[in-house]
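**Student:** Chain by chain, the residues run as shown.
4 protein chains.
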Amino acid sequence: MPIAKVHRVAANAPDDVSGIEAAIASGRINAKGVIAVLGKTEGNGLVNDFSRGLATASLAALFRRHLPGDAAERICLVMSGGTEGGMAPHWTVFERSVSQGVDNGDGGPAMAIGRAHTFALPFEDLGRVGQVEQVAAGVRNAMMDAGIVDPNDVHFVQIKCPLLTAQRIAEADGRGVSVATRDTLKSMGLSRAASALGAAVALGEIDAAAIRDADIGTNWDLWSGRASASAGIELLNHEIVVLGMSAAWSGPLAIDHAVMCDAIDIEPVRAALARLGLATPGQLCEADRRRLIAVLGKAEASHDGILRGNRHTMLDDSDISSTRHARAFVGGALAGLIGHAEIYVSGGAEHQGPDGGGPVALIVDRSLA
Amino acid sequence: MPIAKVHRVAANAPDDVSGIEAAIASGRINAKGVIAVLGKTEGNGLVNDFSRGLATASLAALFRRHLPGDAAERICLVMSGGTEGGMAPHWTVFERSVSQGVDNGDGGPAMAIGRAHTFALPFEDLGRVGQVEQVAAGVRNAMMDAGIVDPNDVHFVQIKCPLLTAQRIAEADGRGVSVATRDTLKSMGLSRAASALGAAVALGEIDAAAIRDADIGTNWDLWSGRASASAGIELLNHEIVVLGMSAAWSGPLAIDHAVMCDAIDIEPVRAALARLGLATPGQLCEADRRRLIAVLGKAEASHDGILRGNRHTMLDDSDISSTRHARAFVGGALAGLIGHAEIYVSGGAEHQGPDGGGPVALIVDRSLA
Amino acid sequence: MPIAKVHRVAANAPDDVSGIEAAIASGRINAKGVIAVLGKTEGNGLVNDFSRGLATASLAALFRRHLPGDAAERICLVMSGGTEGGMAPHWTVFERSVSQGVDNGDGGPAMAIGRAHTFALPFEDLGRVGQVEQVAAGVRNAMMDAGIVDPNDVHFVQIKCPLLTAQRIAEADGRGVSVATRDTLKSMGLSRAASALGAAVALGEIDAAAIRDADIGTNWDLWSGRASASAGIELLNHEIVVLGMSAAWSGPLAIDHAVMCDAIDIEPVRAALARLGLATPGQLCEADRRRLIAVLGKAEASHDGILRGNRHTMLDDSDISSTRHARAFVGGALAGLIGHAEIYVSGGAEHQGPDGGGPVALIVDRSLA
Amino acid sequence: MPIAKVHRVAANAPDDVSGIEAAIASGRINAKGVIAVLGKTEGNGLVNDFSRGLATASLAALFRRHLPGDAAERICLVMSGGTEGGMAPHWTVFERSVSQGVDNGDGGPAMAIGRAHTFALPFEDLGRVGQVEQVAAGVRNAMMDAGIVDPNDVHFVQIKCPLLTAQRIAEADGRGVSVATRDTLKSMGLSRAASALGAAVALGEIDAAAIRDADIGTNWDLWSGRASASAGIELLNHEIVVLGMSAAWSGPLAIDHAVMCDAIDIEPVRAALARLGLATPGQLCEADRRRLIAVLGKAEASHDGILRGNRHTMLDDSDISSTRHARAFVGGALAGLIGHAEIYVSGGAEHQGPDGGGPVALIVDRSLA
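Same order as they appear, the protein sequences are chains A, B, C and D.
Under this note's numbering, the first residue of the first sequence carries the number 1, and numbering increases by one thereafter.
Under this note's numbering, the first residue of the second sequence carries the number 1, and numbering increases by one thereafter.
Under this note's numbering, the first residue of the third sequence carries the number 1, and numbering increases by one thereafter.
Under this note's numbering, the first residue of the fourth sequence carries the number 1, and numbering increases by one thereafter.
Hints are computed from structural coordinates only; laboratory data are not their basis.
Some hints could be false.
What the hints assert, rightly or not - In the SDA-like style, the derived pairs of lysine to any residue whose C-alpha atoms are separated by at most 20 Å in a straight line are:
id	chain 1	residue 1	chain 2	residue 2
1	D	K186	B	D304
2	C	K186	A	I35
3	A	K186	C	N310
4	D	K186	B	T184
5	A	K186	C	S322
6	D	K186	B	S322
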C-alpha cells in the first residue's frame, strides 16, 4: 500500500538544500519517491524575487545528482517568495513511498498524494473559462492518481500555472487571437484566479456553468476553500498536486483543512486541529507542535480596505506591497496559534478562500501521539 | 474622586481628528481633562515618517481650539508610526475626570493616570546612567501624581524622550563634554533604552546600582515589563505618563499587563485578559472585545535572528526595516487573540520586555459586563 | 507694468516654511502677490506620501497669517513628492508684482504669469475628452490672464487636477453615469493624462478632434511639450498656472523650455539654456547657475522597458516604484548639466513629453549678467 | 605580445549568460583567456540581494562547461547588485589574449590586465592595518602580473574582499583575538574600506605610515582615486584585478580614469574622455559611444547630507537605502554625459574617491576611429 511522507526541512538560504541532501544521504528521503517540494524563500515574492529562481536551480541540481535521466524534471517545484514577519524559510518535501508491513497507520484512511500535468495552455485561454476547464480536468486526473474518489476527501490542491510574457502575447497576436491582458504582472493574478476556480469546479465547490470570463479576478464571491495557486514563468502547462485522505493509502499522516474568513480568523484552524487530534484551548503545546508536520495557507489584504470594521492600510502603502503586509500579519496570527513560524503562508489568494481570508491545510503525524 | 477615562477613536488619515472633535462636541470627551493622546499613525515609523508630524500638528491645533492659553501644550502627544499588516490607525485619548456620584466602579481600586515632566536632559547624559536616573525620578513623580504608592500597581509607563541632533551634539561639543553617540538615529534607540531602564529602576524591576553606561542598548538581559518609550525631536526633557490601579481612583476602568517573551508568546496576554475578567479559550468573543478598551504593546525582532529555534529574516531584509516586520507580525499574533486589529503595537523595544518580546498593557471597562 | 518674480527657497523639512516667512518679513516676497508655490517634498510621491499634506498645511497656515480673508485659499499650492537621488527639497514661489520704474528689463518681452480655475469637473468626465476640453478652456483663460496671445509664447503649464475617491464614484453611480475607472490610484494617472492633453490642445500641439477617450492614458504618441500635471484629492476643479513670455510684462525674468525625448536626453535642455544666454559646452559655471532661477521638469520610466536600446529595470522593481527610480535618474542627468540638484523633477508624466521623456522649463534672471 | 580584450554583454536576467555563451561559441571570447567578469545585476545590492548569487552560480556553471579541471574557479567573478534608475544589467568580460601579428595597436602602450590572489586574511585583521598591508602587497603582485612598473600607469583596481560571519567571528573568539566589528553588515564596509586604502598605498596615493586602524571607515580624507572594492561571503582572501597601460602590451584598447569630487562632478570624466580621444562639448555622439567599451564607477551619498550646499535626503530615507539612491543619481549624471546607461556604477565607496564622490575608469577601443 502507498504511504505519503512529508518532510519539513529548514533552509539557511535560498540555495541551501543541504538539509534535503542530508536526508537523502541518511535514507530518510528516497529521491525516487519525491513528487513535489514547496519552498518558502526569503525574497519579496514579487516580480523581482530572485530567491525563487536561485532556490529552484539549487533543488533541480540536487535532484539531478540523485535521479537518472530526466526524472528530476518531473518533480513539481513550487517556490513561494516572502517570509515576512517571523516566518522561517524552509522546504516541504512530499514523497510517495510504500508500506513496509507495519506502518503506524490505524487501518483507516491515510493521507494520499496525487499529481497531474495538463497540456500546454493556449495563451488566449489564460485567465479565462478555457483555463478553468483545463485545470478542473487536471485536478480530476490528480485525484485519480491519488486514488481519491470523493471530492470531499481532498484538502489541498496546489496548482502551478503559466503566465504571459511579451513573447507569448506576440505569439497569440500572430495567430490573430486576443489575450485576457497585455500586462504580464496582471497575467500572474489572472492565471492564479482561473486555476483556483478550476479547482473549485473539480471539487464541486462551484458549478462550472456559473463562471464567466468576467468573474475571473473580479467576482470574489466565487472561491475554493482548498486551492492554492502560484504562477511561474518556467512552464506553459499546469503542474497539479492534490493532497487528501484515501482508504487506498496507509501510514501515520493525516490531512484536514480550514477556511479563514479574514486575516485573523484562526478559530476554524483551531477546529481543524481538534479534528486531527490536536485540540487546544490556547497555543499548541510543544508535543502537539511536533505532531503538526506542515501548515499550508494563503493570505491577502481584503479588497475593501477593511478588517472587522476597522480600516487597514495595506493597500495604501506604496513602499511595501500588500502581499508582504498580508503574509507577515496572517503569519503572525497563525504562528500565535501554532506556536512556531516555520509555516508556509503564500500570497496572491485570488478566489482562494473568501476576500481577505484564505484556505489553510494541516498535516499531522498520528504516530507521534 | 478622580476617574480615568480612555477613548479609542478611529483615524481615517494622519490628520483626521474629526472623531475626537465630535467626541468633544458631544461631551463624551472633556478637552480640559485630556492628559495624553497615543496615536498609531500609518507612516513607516522611521526617520522619514511624516505621518507623525502631520498627526501631532493636527491634534495640537484641535486642542488649541478647545483650550485656553497654553493648556494644549501640556497634553502629552505620543505618535507611534507604523500600522503594518492589518493594524488600524487610531487615537487613544487618556482623560482625567471626576466621579459624578455613581461611577459604575466596584468600590475597589480603579485605573489611575499620573503625569510628570522632567527637567531638560543635558545632552551628554542621553543614553547614559544620568538619563536612567532622571527618568526614574520622573516615573516616581508620575506615580505620586496618580496616587500610586506600590510600584506593583503600575502596569504601563509611557515615556516620551529626547534625541540628539547635529545642533545638540555641537552644543555639547562646545561645552567640552562628550555625547554617547554622534549618530542621530542611534541616539533615538539609546534614549529609548535609557528611558526604559529608568522606568525599570523606579518600578523596582532592576537595581539602579546594576546599570552601567555600557549596558544601555546592549545588555538585553536588563528590561522592564511595563515601560514603553518613544523618542521625539520636539522635546528636550521627558514627558511621562503612568497607568496603574489605585484605591484613590474610581470608575469602571481597570488595567493589567503581560510580558511576551517572544513575538508569538500570546499566552501571558490571555492570562492577563482572564485576570481582568475576559477569560477565553480561543479568540475573544465580540462582547468581550467591546469591554477591552485598549491594547498597548511593543514589538521587535529578536537580535539573534531566531524565533523558537527557527531562523527569521527580519534583520536581513534591506528592503523593509525589521521594526516594520515585527509590528506586522506581532500585530497579527495579538489580533488573532483579541479579534480585531485596532491595537497599539509600537516598535523600538530596547529594554522594553525581553529580547524579541515586549510588554502588553490591557485596559478594560468593567461596566460593560 | 506687471513683473513676474520667482523665489527658490530651501526647505529643511516638509513643514519648514521659515525661508518663505523670512522673505516675507524682509519684504523680498509680498504675500499679496503670490500666485502659486511649487514644492518639492521628501516623501515617496505616491499614495501614502504625507510630506505633501504636511507641506500644504504649513504653507496654508503661513499665508493665512499674512493675508486677509480667504486670499490665502486662492494661492495654488502644488506639492510634488519625491526628492530621490541628490535632489534638494525646496519651494518655488511665483509672485506677480508691478514695475517700479526701473525694472532691469530689456524693454522686450518678459516672463508672464497667468492663472485660471475651472468649474468643478463632473466625475464622469475625469480621464475623458470632457476633461480635455475643460482644461483646454482653462489654459486659454490662464493665457488671457497672463496677457499671452500666441500659444508659442507659453513655456510651462502647471495643472492641478482632481482625482476619484470611493465617495465620488458612488456619487456618479447615484446619477447613473459611468466613471472612467473605479481604481482611485489609476484615476490620478487618467486625470493627469487628460489634463496634459487639454494643455496640448490649448497650445495647438494636438488637434482636439484627434483625441478620443481611448487615447487618454494609452496613446503615448500624443503629448504636450509644456504641460505639467499633478492630481490632488483636495480639489474638485482644476487650478491652472501658465508661464510664458509677454511684451505686456516687464522685469528681468525670462523663461524657455525644452523637451527631453528620453531620460538622458539633456542636449535639448543645453540648447534652451543657450537661447536664454547660458550657453555652456559642459556643466554650467557657478555664475550662470546663479542666473538660473528654476528648473521644472517631468520624469518617467519608458513603458517599453528600454532606454537607448538597453533594458532598464525600473518597471520590474517591486521594492521601489518606477516613479522614484525615474526622478532619481533624470534628476542626476539634469543636475550633471545644471551643476546643482535644487531642481524640480516631478513624476507621473502621462502625455507630458514623449514616452520615457518629459518637458523641462527653465527660468533665468537676465539682470544677473 | 599580450592583448587585453574587454567584452560588454547585455543580461536579460541575473542568470542570463546566453550572450557570453554565444560569444564563446562564435570565438569572439576564448574562455581560456577570461580573467574576470564584472556583473551589474538587478538586485538591491544589499544584504538580501540574491541576484548576485544567482548570477555567480550561472557564470560559474557556464565556465565549468568550457574549461577543464578547476580553471573556472580561477576566474574572478565580481557581482555588483543594483541597476537603479535606467542602468542596464550587463556583464563586462576581461580577457587576456595574444597578439596575432597585426593588432590594430599604435605601437605605444596598450591596456594591460593583471591579477593576484592574496593569502587568506586572518579574521582579526579585517578592517584593520593588517588588511591594508595585505591588499597593498596583492596590488603590487597584480601590477607585476600586468607588467606595469609605474603606479601612475594603473587606472583601475578591482578588489574582491572577504567579510565576517557569525562563524568566522566565533573562530576568532576561539583563538582569543578580537575582531574589528561583530556586525556582519558593517564588516563588509570595513573590508571594502581597508582594501581601498591598501590599493591607495600600493599606488602611492597614501603613505602606509599615515594609516591607523581608527582611520579605516571613518577618516574620509584618505582615499584612492582608482580603487573599487566589493565584499563577498564566498572568499576568505582577496582577488585583485589591476587595469592600466603598459608598453609590454599591445592591442587597440586604452584605459584612463577620473575622480568625481561629488555625485554630479562629471567634468573630470569629460576631461578623461578627451585624453582618450573622445573629446565632446556635450553628450557623446553615437560613433564615440561605440568606441567607449566600458565605464566603471563608484557612487555614494555624501556623509554630511549636503550636495553643493543643498540638502539631500538620501541618508534620511528609511524606505530606500542611500546606496540605491546614489547609484540611480550618479548613474543618471554619467549617462547624461555618456549617452547610454549600460554602465557599471557600484555602491559602497568607502575611501574610493572623496566623500560623496568616486573614481571612474574609462576603456576605449582606439581601432574604432
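**Student:** Please verify whether K186(A) and N310(C) have alpha carbons no more than 20 Å apart.
**Tutor:** violated, 24 Å
**Student:** Starting from K186(D), check that the Cα of T184(B) is at most 20 Å away, please.
**Tutor:** holds, 18 Å
**Student:** Please verify whether K186(A) and S322(C) have alpha carbons no more than 20 Å apart.
**Tutor:** holds, 17 Å
**Student:** Tell me if the straight-line CA distance from K186(D) to D304(B) falls inside 20 Å.
**Tutor:** Holds, at about 16 Å.
**Student:** Does the structure keep K186(D) and S322(B) at a Cα separation of 20 Å or less?
**Tutor:** holds, 17 Å
**Student:** Below or equal to 20 Å on CA atoms is what counts here, so check K186(C) against I35(A).
**Tutor:** violated, 43 Å
Violated hints for the displayed structure, listed by number in ascending order: 2, 3.
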